Amino acid sequence: MSDRVLGIQYSTLAQERETVTLGMWAFLATEVLFFGALIAAYLNYRIWFGAEFIAAASLTKVALGTANTAVLLTSSACMAMAVITFDAGSKRAPVLWLAATALLGLAFVGIKGTEWFLEYQEHLVPALNFDLPRYGGIAEIFFIFYFCATGLHALHLLIGISLVSWLAWRIGTGRLQPGGSTTRLIGLYWHFVDIVWIFLFPLIYLAGRNM
Amino acid sequence: MPGLPFWPQRASAYAGQVDFLFTCLLVITVLTVGLVFFLLFFFANKYRHGSNAVRHEPTRKTWRWEVSWTAATLVVFVGLAVWGASLYVHLYNPPEDALQIFVVGKQWMWKAQHPGGQREINALHVPVNQDVRLVMASQDVIHSFYIPALRIKQDVVPGRYETMWFRADRVGRYHLFCAEYCGTDHAKMGGWITVMNPRDFADWLQAQGGQETLAAQGQQLFHRYGCSGCHEAGGTVRAPNLNGVFGSPVPLSDGSVVIADERYVRDSILNPKGQVAAGYAPVMPTFKGQVSEDDLAKLVAYIESIGPNRSGTS
Amino acid sequence: MHAPRNETYLNATVGIRSWLLTTDHKRIALLYFAGITFFFFIGGIAATLIRFELLTPGPTLGSADLYNRLFTMHGIIMVWFFLIPSIPTTMGNFILPMMIGARDLAFPRLNLTSWYLYMAGGLITLTALLLGGVDTGWTFYTPYSTFYATGYLILAVFGIFVSGFSSILTGLNFIVTVHKLRAPGMTWYKLPVFVWSTYATSVILVLATPVLAMTLLMLLAERVLHVGIFSPQLGGDPILFQHMFWFYSHPAVYIMILPSMGVISEIVPVFSRKPLFGYYFVVWCSIAIAVIGFLVWGHHMFVAGQALYASLAFSFLSYLVAVPSAIKVFNWTATMHEGWIRFDAPMLYAFGFIGLFTIGGLTGLFLAALPIDVHVTDTYFVVAHFHYIMVGGAVMGYFAGLHYWWPKITGRLYPDYWARFAAILAFFGFNLTFFPQFILGYLGMPRRYQTYPPEFQIWHVLSSAGASILAVGYALPLFYFAWSILRGPRASANPWGATGLEWSTRSPPPPENFATTPTVIRPPYQYVRGEPLMQAGDV
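Residue numbers (the working numbering), protein chains in the order written: chain A, 1 to 211; chain B, 1 to 314; chain C, 1 to 539.
Note that these hints are calculated values from the structure, not bench results. Fair warning: there could be bad hints in the mix.
Computed from the model, here is a short list of chain C residues facing chain B with C-beta under 10 Å [claimed, not checked]: (1) F38; (2) F41; (3) L295.
FRET-style restraints, in silico, Cβ to Cβ [unchecked claim]: (4) C:A12 <-> A:T173: 29 to 39 Å; (5) A:S162 <-> C:W19: 43 to 53 Å; (6) A:L155 <-> B:G34: 49 to 59 Å; (7) A:L106 <-> B:P249: 40 to 50 Å; (8) A:L106 <-> B:R224: 51 to 61 Å; (9) B:Y225 <-> C:A120: 48 to 58 Å.
Being a predicted model, the structure only gives us computed values, none of them experimental. Every residue gets a Cβ at the ideal spot worked out from N, C-alpha and C, and that includes glycine.
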């Protein structure tokens, strides 16, 4: 994604920008189907075994989950600020905003890790130490979904943190000039990871909490 | 069967109806393939490069043809869909007083249990001109109970009951196959369905030796597993009395109502907390892992025997 | 920046690094071609052994276990490592950019990455199969695959998982390329049908494959951790696996057939010297097949224990999805009316495709009819149906395209008489192999059976005899194509008298495809009294 030398397939810089942007959107569409398949399977069980799923969901740490939601939403705001300030021609501001984004992302991962540790202590980890007699088979299925979903999400987040850090380094060392699409594309990816969480959070943490 | 086998034996009226639908589809296929092949050959010959056939300018107005053959295709297809659906629905409406046989599939054999307690392996004896309903379970992986002569099969999925019904109208011996890949001896998991005259069937039942009916065996299990401790009058824990329950609607604690059929009874034994009867505490312990499919069949048969009528659901 | 007169994409740079690190879509197409041919023959060897085993009702070759592993290997290799990539990664990669007047795909390095992912996945799965394989069938139904099957399931499934990303990235590349890199004048309705078909295929690749990825991931989790959502142990549902698996695998079969239909839509107008009949209908039928194809997956589960109303809906939708395919057959036939028909090898393969696809497609109507499906599902009727479509259809289309674009890709011609002979041999061998299987299926012969009742033997013997003829028909091209590369006469830019942009540049093409970016001045397939009018105004 160089901003200087155009590939032979492109005739103008604008064409390259439009093309890579469409590429990123197409990639995000595949991610929607990827997570969507998992969420669809989850919804099946949620409908068939509503009571058990609600009971299992009450074992999740909603305070930590809510904190994480706030962290991730704030990080998206920082990412958006990074894109805006970079387009405006600034160099220092986007680096700071990107650093904030990455740090918030790491905070998310840290809080998530804490949750997982607590769940391990409470014997809620399938295949490791899940207390089947106490909680039941359907609860274990809930936690299989929980660890798969949050695990895959965390993996995508770690990739995002790496991309954001790399971007901060590129801008900070002057290797990246405004006018290209790199920053915006990484921003798109980051926002997508955020949106996945916005779907996962109510499905996992908030199920039946109002009852 | 002598000669080249082209067509499977037909052992029920339903099989005849399926064959009729198949034959009509065959005619449509032959006509369509014939038409396409004819046109291809005809055009290939008449309009081959170098022939002196007349060629007009290609017409722009192709949409008349397009709409016509699209409409024709749609009409035929929708007609076939509806015809097939109406025949299929028949499979979901078993008659009320069918002879009920429990079937358990496991790697790599089929076990059948008649109401009188007679047991078979890789075989099924049934009377001719009588509705037969199979209640099927799997002990391990997915199998499929397939009787080509009756044109029916049903996958047997572990963790639930599947049912299938038929009415054989021709005495004879017909293949039974497992039709869902289930491991090494999948191809050997089969046998014979024997359709017999009522006299012969009665003799066969007799010849299996004296044993108790499935329901009687189920009653013994009902006591042995401790069910009677709660479910019979005088029990220490308040549990629903099961007399007259089978086939009746049961209100559940979440407000919904279900019909107490085989599935309900089986699920109640294996996962009692899943559907709790209204007005009762969810204290029934699960018997998952303790009761085999064979025993479950007996218990279901017993509960059914003390119910007012058999369920009509499929 | 123009290439010298005799510089082609083949000789512009030399050395193994220039091939393994290329970003030229044409070289990547050849890299794929090597892999695909390799896997086709591995899958073909498995098929040969299967047909040999089935010559006798009892065991012929070996144990039931061996047979079960053979048909699993045949299915996995043919579906994921031959059919799904076949036309898109070879002809799609090579020809599509040229057809739209582009110099490469949108993301050339991503394209190379796709090839490496495909090869990595293929080699991982091949390793699993050579180590001893797996016996679940290519469909991996639970709980057999997760808790009962022995064998190298994790490795085999992981290879498929990896190659899935190759599919996704290739589809993504094509979609973006068609949207953004069309030459001046190349509007959507001037695109050749092959581009539309590949575009529709790419939409399926991009949307369906991620669902397979998640399904396989869950399958692996269950297999590795011994707990899962698909098995009754915890109260899970094996049918959920089937829903997720078929939600991908049904659209997958349209991934396999749409590109072939695109190839036929290219060949029939050229060798009839006439515009394609009903261009707009053919184009929108491709889109319709892709869309409706996502709505019919439950027709694989009519006896699985699915709800009655679900089965009714899926049956109806399955009839609906057959309509656009029928329309295409009528359009191809009508194209030939009042044309100037030539019978070169590509056209013979196209004839074969139309005939065999028509039969295969019509037998799909039998399967969409619920009571018939209850009888014939999981029997040889289904096996015959999908082989008519995938082999009689997709593979014939692949060979048609290969014979059509061979002069463009290699710059050489091949001996037409041998090619026509191979096409005819394959057609007859194919029918002898698979037609008896329809009869076997209605008789009740289940699939995935090593041993069977003796009354079925006559049909199996006929089928195996046909397979031996078909094998010759498929092996012959190896020889005359090799001869063509070594000794074949040089091909001109447009040996067939076609109209597309790919034929306005020389054979083989220069590395950047066109000396100058072409300007498109007319729709595809324009012929006046049998003479072609090229799409490009200037090249």
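Comparing the hints with the structure gives:
1. Interface hint at C:F38: violated, since its Cβ lies 27 Å from the closest Cβ of chain B, which is beyond the 10 Å cut-off.
2. The closest approach between the C-beta of C:F41 and any C-beta of chain B is roughly 25 Å, which is over the 10 Å cut-off, so the hint fails.
3. With a least beta-carbon distance of about 14 Å to chain B, the hint placing C:L295 at the interface is violated under the 10 Å criterion.
4. For C:A12 and A:T173, the hinted distance range of 29 to 39 Å is satisfied, since their beta carbons lie about 35 Å from each other.
5. The hinted window of 43 to 53 Å between A:S162 and C:W19 is violated, with their beta carbons roughly 31 Å apart.
6. As the Cβ distance of A:L155 to B:G34 is approximately 57 Å, the hint placing it in 49 to 59 Å holds.
7. For A:L106 and B:P249, the Cβ-Cβ distance of about 56 Å falls outside the hinted range of 40 to 50 Å, so the restraint is violated.
8. In this structure the supplied range 51 to 61 Å holds for A:L106 paired with B:R224, their Cβ-Cβ distance being about 60 Å.
9. The given range of 48 to 58 Å is respected by B:Y225 and C:A120, whose C-beta atoms sit roughly 54 Å from each other.
Consistency note: the structure conflicts with the earlier hints numbered 1, 2, 3, 5, 7.
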